[in-house]
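**Q** This is what each chain is made of:
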Amino acid sequence: MAKKLVIPIGPQHPALKEPASFDVTLQGEKVENILVKLGYNHRGIEKACENKPYLHDLYLIERVCGICSHSHATCFLQAVEEIAGLNVPMRAKYIRSIIGEMERIHSHLLWLGVAAHEIGFDTLLMYTWRDREIIMDLLALLTGNRVNYAVNILGGVRKDISEEEKGQILKAMDVLEERTKYYAHVATEEITIKKRLSKVGYLSPEDAVKMGAVGPTGRASKITRDIRAEDKYAAYGEVDFKVISDDNCDVFGRAVVRIGELMESYSIIRQLIKKLPVTPLKVPAPLRIPAGEAISRYEAPRGEDIHYVRANGTDKPERVKLRAPTLANVQSVSTMLQKGYLADVTIVIAAIDPCFSCTDRMIVAVNGKDEMTWKQLRQHSIDWYKKNRGVDFTKVKLGIK
Amino acid sequence: MLLALLSILIFPGFLFLFILALAAEYIDRKLYARMQTRVGPPWFQPFADFIKLLSKELIIPELADRVIFRTLPLVACAAAATAFLFIPVYNAESIFSFKGNIVAVIYILTIPTLTYFLGGWYSRSLYSLIGSMRVLTQLFSYEVPLLMAVLAPGVLASSWTFSTVINFYQANGFLFLVNIISFVVAIIAVQGKLEKVPFDIPEAETEIVAGTFTEYTGPLYAYFRLAMNIQTISVSALLAAVFMPFGYNLGFVLGVIVFLLKILFIIVILAVIRTIFARIRMDQMVMLCWKYLTPLALFQIFLNIILKAVITQ
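Those protein sequences? They're chains A and B, same order as listed. Number 230 in my numbering belongs to position 230 of the first sequence; there are no gaps in the numbering. Number 289 in my numbering belongs to position 289 of the second sequence; there are no gaps in the numbering.
Hint data in this document are derived by calculation from the structure and do not stem from the laboratory. There are no misleading hints in this set.
Straight-line C-alpha distance at most 25 Å; calculated SDA-like pairs for lysine to any residue:
| # | chain 1 | residue 1 | chain 2 | residue 2 |
| --- | --- | --- | --- | --- |
| 1 | A | Lys-232 | A | Met-90 |
| 2 | A | Lys-199 | B | Thr-137 |
| 3 | A | Lys-316 | A | Glu-46 |
| 4 | A | Lys-195 | B | Pro-295 |
| 5 | A | Lys-17 | B | Asp-200 |
| 6 | A | Lys-242 | A | Val-209 |
| 7 | A | Lys-282 | A | Gly-237 |
| 8 | A | Lys-339 | B | Lys-291 |
| 9 | A | Lys-195 | B | Met-35 |
| 10 | A | Lys-181 | B | Thr-37 |
| 11 | B | Lys-262 | B | Glu-143 |
| 12 | A | Lys-17 | B | Ala-210 |
As the structure is a prediction and not an experimental result, all values here were calculated from the model.
Please work from the sequences and hints to get the whole structure.
**A** This is the structure in structure tokens:
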């Protein structure tokens with residue numbers, strides 16, 4: 001094949017669960033170049049946050065991501081609580097950590113299934129997603145919801161964990177631990193899985209630092225960094241856990257790291273349940289947050305999540321900025337796919353556990369011109385859609401007040 | 001004349017084959033689902049799918065060659081069904097028998113694969129194009145070990161005709177068990193021929209959407225699916241006749257039951273393989289076929305030549 005083919009993977013493609021676009025230039029079956037295009041899912045959440053009181057923002061922020069909803073909510077609240085100088089009671093911190101770890105289990109089990117599906121191993125997908133039901137039912141029991149748990153409120157948590165629920169959590173952890181051991185065995189010993197994952201999507205530690213890879217993607221390239229261990233937010237200062245890392249630097253390593261983290265999460269939850277202190281669930285929080293600013297970091301299942309909040313003394317934030325872990329990781333995809341095969345493209349993309357809807361944020365500079373104000377940007381987008389898509393948005397009134 | 005027409009159209013011809021093909025799909029899907037802790041489809045699901053696809057809108061890509069695009073699924077069906085007519089069902093003689101018909105069956109069974117390639121090529125879609133290149137690459141990898149493995153039992157029987165091979169092994173008790181190596185090789189190669197996991201590379205859903213079949217919709221896709229299912233039966237019958245040459249002298253009823261059991265056995269093996277493996281890459285597939293399967297098949301042929309010399313002495 002002398003002619004080069006450009007295969008579009010996305011925005012709509014069976015392998016991608018969310019809209020993102022990858023233009024893969026092929027030489028036969030080999031990848032020559034890959035162009036990552038984001039921005040199909042911009043929802044203007046940051047801007048919407050500036051127009052709502054903090055309490056409403058909390059529920060909005062939770063909807064940044066379907067899977068790590070608790071991560072974003074907790075990360076945002078930590079920043080707000082820091083500005084307001086609230087001293088969150090210990091029991092609330094413990095409960096936040098327990099829900100956070102359950103979310104990690106839920107996310108990693110989901111990832112394991114998705115990764116198996118990408119390499120055509122649907123049996124493992126069906127098995128892991130069956131077990132994911134256990135943890136989702138548990139989350140529904142503890143918070144009332146399977147996805148957006150809404151357990152946080154400003155200054156604490158909304159719901160307690162009873163003695164009976166503690167027993168159910170511990171029982172579920174035993175079941176999941178046993179099953180995870182089996183999956184670890186399958187994923188690391190089964191010959192076709194090993195063939196498909198080893199030496200695929202190589203990201204050297206130097207490149208990982210250069211590209212800013214975070215979370216399991218970075219840890220699989222020997223970067224032993226975990227915000228839970230570095231920052232010790234919530235109740236992580238009171239439990240023992242290892243930061244799992246791996247020196248394979250490939251997709252196989254990323255799978256090993258995630259399975260290792262599953263095992264750590266079970267142990268963290270057991271320790272937290274055992275130590276759960278008796279304190280009030282929340283402290284009273286003011287409606288108006290005093291002026292100030294704060295940055296908060298949180299180890300989401302996919303990596304480091306950063307929220308920046310600036311308050312101006314009213315009941316609405318002046319600026320909210322969030323950076324989801326996928327934005328940090330997606331840059332490394334094109335490096336990972338150097339000299340790879342077309343067959344590896346989707347598994348390498350899936351291996352960073354992408355969440356494109358969380359990632360899409362507004363870009364300020366357009367065509368390298370000067371910065372634009374909100375009004376200019378809105379006018380620009382209206383003109384762009386009129387010219388390029390033939391849609392007229394001039395009559396649309398902004399719903400947010 | 002009437003009898004010949006009956007045997008082509010009804011038994012063991014097209015109608016019998018059609019029912020068997022749908023039953024094979026059901027068994028495969030149900031087993032696959034049960035092994036994955038799912039419930040699986042009801043027994044009439046393959047038939048319902050077939051009817052549903054027939055009633056769907058047919059969309060032909062603008063750039064595609066309309067005549068070839070429409071003809072290929074029917075050619076695939078016809079070729080897969082024709083192959084079955086040469087394979088024995090309940091007695092050693094097939095409906096149409098001639099000297100060296102094992103070789104003929106293998107070549108007729110290659111035609112559906114070629115139609116998949118042409119179908120993708122004439123669709124003029126990027127995904128189909130890559131799919132059809134993969135179909136062809138895969139064909140060149142599995143075809144050689146498959147051919148050698150299927151012909152190996154014939155070496156011992158000094159013939160590549162079904163009736164002679166079957167009669168030879170039936171007269172020699174458990175001698176057919178020596179062909180176990182080439183049976184394993186053939187089962188793996190057949191998995192590639194039927195494009196199932198771990199060799200579903202040409203239609204890898206998560207990489208190239210549906211490969212060669214990406215642009216096929218409605219009735220044409222239904223015929224391609226049917227061709228695939230008929231191919232499953234034809235290939236299973238071929239393997240049954242060559243590697244399990246027993247039970248062909250039990251009369252009509254018992255003979256058909258034994259035949260169905262053998263087909264079931266092969267379909268179960270294929271379904272289990274599909275469940276326990278992940279899809280491998282094209283380069284790994286080529287490597288597997290040429291590095292491991294071909295030498296194994298060659299070894300079987302040499303073994304049979306030596307055995308034959310020992311027996312005739």
